[in-house]
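Student: Listed below are the residues making up each chain.
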Amino acid sequence: MPDSLLLQARAGDRDAFAALVRAHQGSVFSIGLRMLSRRDAAEDLAQDVFLQLYRKLDSIESLEHLGFWLRRVAANLAIDWLRRLPYSATQPLDEGAEVAAPEPEHDPLMSRELMRLLGELAPHPRAVMLLRYQEDRDVAEIAAMLDMPVNTVKSHIKRSLTALRGRMIGAKLIDCEELP
Amino acid sequence: MNENPPENFEDELRRRLRPIDAPAGFNERLMAALPVERKPAAVSSGPRAARPSLRDFGMPAALAASLLVAVFLGVYVANDRAAVREEQMGIAASQQLMQALRVTSQKLDLAYEAVNNPPTAGEEENRS
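So the protein lines, in turn, are chains A and B. Quick note: the first sequence uses this note's numbering, first residue 1, plus one each step. Quick note: the second sequence uses this note's numbering, first residue 181, plus one each step.
Please note that a few of the clues may not be correct.
[Claimed, not checked] Using 20 angstroms as the maximum straight-line C-alpha spacing, the simulated SDA-like pairs for lysine to any residue come out as follows:
hint, chain 1, residue 1, chain 2, residue 2
1, A, K154, B, A212
2, A, K56, B, A212
3, A, K158, A, A144
4, A, K158, B, F189
If you are wondering where the hints come from, they were derived from the structure by calculation, not from laboratory data.
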């Protein structure tokens, strides 16, 4: 995606802004959905994030900065909503909510259980896991996005991986043979 | 419980947590919700306090200035009165001193005269 798209959007070109939205809506919406476990709330959150972006376009320096900014705002807004709104960490997903990526060898039971277990994590570790495994961001970037020390991010990842794996083994969704 | 989950579990997470698209029509709804003109971002942490204007400071500043003038004027008048009073007391003291000097001088004159012109015997008898 060329940087000129950002410049055009800054200059008031709505088509350019729409192109930026199309490029990032999946990530922002997925962070909202997997943090809040509700499709309607995720859509509200994504809309809020992009409206903030529209007003703050002048402060975005590059497309790389744009990606960082969107994920940071989405994750922190979701954490904030989880604190203030009645979304419980263990609230079941919407009926029929598809929160895992569709794929040919899709295992709906495992995906649903994975999302449920992810939803049991506290907001900050959940955001860390999403930024790490959904967005493939490195530890330093996640630390900067969530304004927390790098060692805290590493600790969240390690504990969350251990907890998720342990619960999935307990639920017999993965084999114990995978253990080294 | 395993302390170091193997990488394939992480790969499994990455595979299952790939981003998914927003619902159909999201982009259209978002573009319809955009303001017509782009404005600077509003601070979302609550309503910003109104910036105080000079007018807000006008009345308190005038009151404070008046109070200061009154205080300085009072101090000046009090000092002036004290100075006048001290001056009057000084003049009175000076007058008293001059009077005392005059009395002393007269007494000294009388004593001098008595020493230089002692009374004769007849005068002494007349006195007695």
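Student: Does each hint fit the structure? Answer for all of them.
Tutor: Hint check results:
1. Proposed proximity of A/K154 and B/A212 is contradicted: the alpha carbons are some 41 angstroms apart, above 20 angstroms.
2. At roughly 18 angstroms between alpha-carbon atoms, A/K56 and B/A212 fall within 20 angstroms of each other, so this suggested pair holds.
3. Among the hinted pairs, A/K158 with A/A144 is consistent with the structure: their alpha-carbon atoms are about 18 angstroms apart, no more than 20 angstroms.
4. Pair hint A/K158 plus B/F189 holds up; C-alpha atoms about 12 angstroms apart against a cutoff of 20 angstroms.
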